[in-house]
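Each chain is listed here by its residues.
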Amino acid sequence: VTDILTHVLAGYVLGTALSFRVRWLDRRFVTVVMLGATLPDLTKISLLVPSRTIQEAVGLPFFWYALHTPFGTILTAGITALLCGRGLRGRIFPLLLVGGASHFVLDALLINPSRFSEVLLWPLAVELVPLPMLVLSSDRLPTVVAIVVATATWIARRRIERPPRPTTGSRRHESDRR
Amino acid sequence: MDGLYRGGLLAALLVVLAGSLVAFGPVDHASGNVIRDRQTTAVVTDPADHVGEAVVASGAVLSVDPVRVRATGSGVAELTVTGIDGTGLTTADQLYVFGTLVEPDVVSADRVHHVEPWEQQYVLVASLVGGLVLAGRLARDWRFDGRRLAFLPADTGEERGDRRD
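Residue numbers (this note's numbering), protein chains in the order written: chain X, 1 to 178; chain V, 1 to 165.
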C-alpha cells in the first residue's frame with residue numbers, strides 16, 4: 001500500500017484537473033475525490049481490529065482486505081454517497097470512484113503487491129494479474145513527485161482563478177470568473 | 001419517500017459489504033515472509049515444485065552472512081539468498097529478492113531491495129500526515145446536517161465568487 005499522503009495528493013491533482021473542465025466541481029468536490037482515493041485503505045481497520053479477531057468471534061471466514069478491491073470500493077463509495085444529501089449523490093459517487101481508481105493505479109506499481117494482483121477482478125473472477133512491480137511502498141520518490149505535481153496544480157488553479165489584472169481595458173465582469 | 005429509499009439502499013449495501021468481507025475470508029492472508037511466482041505473484045506453497053523458476057521473495061532478514069530471510073508462508077523457515085552481499089543489511093530489515101529458486105530453500109538473486117525500520121516508520125508518518133490533510137479538508141468543506149441526517153457541502157463562499165484554496 002502506497003502511503004496515504006501520496007494517495008491524498010493524487011486525488012487532489014485529479015480532482016483539481018477535473019475542476020478545470022467541470023464548472024460545478026469546486027474545492028469541496030475536489031475533497032471528495034481525495035476521500036475516494038483513500039477509500040480502499042479502509043482495509044487498515046485491520047490494524048485496530050484484526051481480521052482474525054472477527055473471524056474467531058463470529059466463527060466465519062473474514063478478511064478486511066475485501067475493502068481493498070475495486071468491488072469493495074464501489075460498495076464503500078455507494079455507502080458514502082448515500083450518507084450525503086439528496087441531489088449530491090449522483091455527483092459524489094462517480095467522484096469517489098475516480099479517486100478510488102487512482103488508488104489502484106498507484107498501488108499496482110508496488111514491488112510487493114501482496115495479494116493485490118489476485119483480487120482486481122474479484123468477485124467476478126479470481127485471476128492473477130501480472131503487475132510491473134516498480135516501487136516499494138516505503139520509497140519516497142512517489143511522495144516527492146506527488147508533492148511537486150500537487151503544488152504545481154495548486155499554483156495553476158490559483159492563476160486560473162485569479163488571472164493577472166489587465167493593464168488596459170475594463171475590469172472583467174464577476175460572472176466571467178470561474 | 002427519499003428516507004425509505006435511502007435507508008433501504010444503505011441497508012442493502014451494508015449487507016452486501018458484510019457478505020463480501022466474509023466471502024473474501026478464504027483468500028490468502030499472507031502479506032510477507034513468502035515466496036511468490038514472479039509472473040503471477042501467487043504464493044508458492046510447494047517450493048520444490050518451483051525450482052528453476054523466477055520468483056520474488058519477501059521476508060524479514062534472519063542473518064546477513066550468509067543472507068537468510070524468513071519465508072514461512074511458503075513453508076521455508078530460512079530461505080538462503082545467494083548472489084548478494086549482506087553488507088548494509090541488518091536483521092531488522094525487510095528484504096525483497098527478485099531471482100531464481102535454485103533449491104527449495106535457496107534463491108539466487110538478480111536484484112534485491114531492502115526496507116530499513118526507519119523507512120517503515122516513514123510510511124506510517126506520511127500516512128498520518130495524509131490522513132490529517134484529508135480530515136482537515138473534510139472538516140472545512142463538509143458539514144453534517146442533523147435534521148436531514150446527511151453530509152452537505154459547507155458554505156465556502158464560492159457561490160459568491162470568492163473561491164479560495
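Honestly, the hints are just simulated from the structure, not real lab data.
Among these hints, one or two may not hold up.
[Unchecked claim] Some chain X residues judged to face chain V by a derived CB distance under 8 Å, without partners named:
#	residue
1	D3
2	V8
3	R28
4	T31
5	T53
6	P61
7	Y65
8	G78
9	I79
10	L82
11	C84
12	S102
13	V119
14	P123
15	T151
These numbers were taken from a predicted model, which means no experiment stands behind them.
For every residue, glycine included, the Cβ atom is placed at its ideal position computed from N, Cα and C.
Each hint tested on the structure:
1. Residue-level restraint check for X:D3 holds (minimum Cβ-Cβ distance to chain V is 4 Å; threshold 8 Å).
2. Annotation: X:V8 was flagged as interfacial toward chain V, and the flag holds, the nearest CB pair being 4 Å apart, inside 8 Å.
3. Satisfaction of the interface hint for X:R28 is found here, the shortest Cβ-Cβ separation to chain V being roughly 4 Å, below the 8 Å cut-off.
4. The interface hint given for X:T31 is met, as the beta carbon of that residue sits about 4 Å from the closest beta carbon of chain V, less than 8 Å.
5. Interface restraint check: X:T53 against chain V, minimum CB-CB distance 13 Å, threshold 8 Å, status violated.
6. The beta carbon of X:P61 comes within 2 Å of a beta carbon in chain V, closer than 8 Å, and the hint placing it at the interface holds.
7. The beta carbon of X:Y65 comes within 6 Å of a beta carbon in chain V, closer than 8 Å, and the hint placing it at the interface holds.
8. Annotation: interface hint on X:G78 holds; nearest CB of chain V at approximately 5 Å, less than 8 Å.
9. For X:I79, the suggested interface contact is upheld, since its CB lies about 5 Å from the closest CB of chain V, less than 8 Å.
10. The restraint placing X:L82 at the interface with chain V holds, with a minimum CB-CB distance near 5 Å, inside the 8 Å limit.
11. Here the hint on X:C84 is kept, as its CB sits about 5 Å from the closest CB of chain V, short of 8 Å.
12. Evaluation of the X:S102 hint against chain V yields a violated restraint, the C-beta minimum of about 13 Å exceeding 8 Å.
13. A cut of 8 Å between beta carbons decides the hint on X:V119: the least distance to chain V is about 7 Å, and the hint holds.
14. The interface hint given for X:P123 is met, as the beta carbon of that residue sits about 7 Å from the closest beta carbon of chain V, less than 8 Å.
15. Look at X:T151: its Cβ only gets to about 12 Å from chain V, farther than 8 Å, so that hint breaks.
Consistency with the previously given hints fails for numbers 5, 12 and 15, ordered from lowest to highest.
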